[in-house]
Amino acid sequence: MSDRESQEAVETRLRSLLAGELQRAEREYPNITFRKPQDRAGLSVVTFATLAACLVAALVLLRPSSGVPGAADAIVVGPDGLPSSIGGETVLRRPEMEIRAAQTGEQAPFLAGGYLVLDTVCASVTEGSADVCPESWILADELNASPDQSIDVAEASQLKSFVRTSGAPTVFRVTSLDVTSRHGVRRITAVVEALVWRRPTVGTMPDYVGQTKTGTVNEAFVPDFISVVGGPSGNSIVGYAPKLLLLHPRLLGGSRPQEAPVPVYGPDLTTQVGVLMPGSGFIPLGSSLVSSAPASVGASLQP
Amino acid sequence: MESGRAVGIGVVRPTPRDVAVASLHEHGPVLLAAARMMVLDEDEAQDLVQETFEIALRRIDTLREPRALRSWLLRIETRQAFRVARRVRRLVRMEGNTLELAAPDGGIGQDSELREALMALPARTRAAVALHYLAELTVRETAAALGVSDNTIKTQLKTGLMRLREVFEP
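Sequence order for the protein chains is A and B.
So for the first sequence, the numbering used here puts the first residue at 2; every next one is plus one.
So for the second sequence, the numbering used here puts the first residue at 3; every next one is plus one.
Pulled out of the complex, with its shape left as it was, chain B reads as follows:
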């Protein structure tokens, strides 16, 4: 009986909020990789991840489905990325720490043209490619992150792949 009371008092179940907050940083690497693709600047990318976490912590209570945390974070990050882009354009000039995508392990130099073509894609197309192929969001999740329709994303992905394909078929 005594132990029953003890159990009753001792069990503290974490709330969905606690779980979400605790797992925020598990998504840090994918947020960083996607941010690098979107803003093409190392400093901006790191700032973007930090801003994403700051916003997420403020709004964590609005997250209804903790399993959707990853896509929710990427959605916040994407929105912030284009706000960052706006800020940069608004300034007269910003000396950026321009980012070069790293070559994949064992493939140094092999895909340099592909990397260049990827970085030359229009910003929103590149973001769609990053969210879909790197972060593995569905078309619908990608569309939600970029605030456009599913069809627009399908078109952007198709256009992006066609541009990349030109690297191999000039």
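Chain A extracted, bound-state conformation:
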């Protein structure tokens, strides 16, 4: 059988297999009961909450901005992984803000917490022109929240301390709430004046990095810190490297930044545990290959 005939045979069997899949979907789709958003997000939330609890120890990194009314130890974290109060001041969630938005009269600024998420369908920046892929930032109840479980924070990206990473637990100081209605859908927009608190995100590099036309990806979807694997098995997470230094090696300085070691931090995201050496992988501190530790940049989360 020639290559062409062989390929056609595979295509025929593949189409047959996929046609069967489509028929199955046509039979089953009418009987599917889509779950409520809060139900389908349940597992992720529970697991994320576990992760969040593990990362509570990383509160050192939660560098409060000037708007924080108190020291870091005055932060009380709630069961959802977000602060319930900062410096004795209550951090409101979306349902409380909806009640507040319905009230009339002038209101004092308040703290609002949620997961700051970039809302766009475009993962790649290659098609990221504003008219094709409009972006907006929303403050959601949870990472997988449905649209009605979030409020807009359109001005957030204008704040001086804003970090362009999607998914970070964040607290803003809100000066007012605007309510609009479009196509019968009520939408709340929070006018924010300061980013009060945020916890950096950790995770893996999206798998499509380097696969787009220009090899670029919307960096907002890359976590603040990228998990670094190594150790005896070669599979365990040994630390976390700042995404900014991985994506923009020039920030490391020197004449050949592409070959410069990238610092790797421990679970607290501030204590350096080694370096990521191009061509060699992770090298723990104290190894003969690491003569001196690079300067600490662990908390350098500014874009």
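Simulated from the structure, these hints should not be mistaken for laboratory data.
Glycine included, every Cβ here is placed at the ideal spot set by N, Cα and C.
Be a bit skeptical, because a hint or two may be false.
[To be verified] These stretches of chain A come out as covered by chain B in the derived footprint (C-beta under 8 Å, 3 or more residues): (1) 12-18; (2) 24-31.
[What the hints assert, rightly or not] So the derived label-pair ranges between C-beta atoms look like this: (3) A:Ala103 <-> B:Ala125: 43 to 49 Å; (4) A:Arg187 <-> B:Thr157: 45 to 51 Å; (5) B:Glu138 <-> A:Glu136: 28 to 34 Å; (6) A:Ser7 <-> B:Lys156: 15 to 21 Å; (7) A:Ala103 <-> B:Glu67: 35 to 41 Å; (8) B:Ser25 <-> A:Ser237: 48 to 54 Å.
Fit chain B to the supplied structure of chain A, relying on the hints for placement.
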């Protein structure tokens, strides 16, 4: 004359938005089948379809060409699928409801190796195969959904078919 006025008042033409919203669920099965191929998890696949509709309803006004609804929905779904993949990887462990593709009618067992080979393809290659061969998107539409060039899709489809062909020609 009276009837003329009545006609003038009574005719209400649906807007393109109304038409698109009304036909969203016609595309549910293909979205579900493609989602199953992309995420290989039944719960995730159903969530993906639901998320796709939620996003589509929010953005329906940005759809300029209602005839492109199907490819537009698949594009949203594909983008969401890889966001889902990211979320899963971000978590320490997620107990999935692992999906097994069903055998086509009358062919039980015959294509089990092909199914396994299909599920073993890299995620983005499998997505390209699903969009092109299952949802019957053009190469250009598939490329747009995955955010890559036409040539990349052609390469992925060719590579995918070669991998599947190895099932028959070890």
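These are the hints, each one checked on the structure:
For the region 12-18 of chain A, the stated coverage by chain B is satisfied: 6 residues place a CB nearer than 8 Å to a CB of that chain, which reaches the threshold of 3. Using a Cβ-Cβ cut-off of 8 Å, 6 residues of the region 24-31 of chain A lie near chain B, which meets the minimum of three, so the contact claim holds. Under the hint 43 to 49 Å, the C-beta atoms of Ala103 of chain A and Ala125 of chain B, about 44 Å apart, fit the expected range. As the Cβ distance of Arg187 of chain A to Thr157 of chain B is approximately 47 Å, the hint placing it in 45 to 51 Å holds.
At about 31 Å, the CB distance of Glu138 of chain B to Glu136 of chain A agrees with the hint of 28 to 34 Å. Distance hint for Ser7 of chain A and Lys156 of chain B: a CB-CB separation of about 18 Å, consistent with the stated range 15 to 21 Å. Here the CB-CB span from Ala103 of chain A to Glu67 of chain B is close to 39 Å, well matched to the stated 35 to 41 Å. Distance hint check: the CB atoms of Ser25 of chain B and Ser237 of chain A are about 49 Å apart, consistent with the given range 48 to 54 Å.
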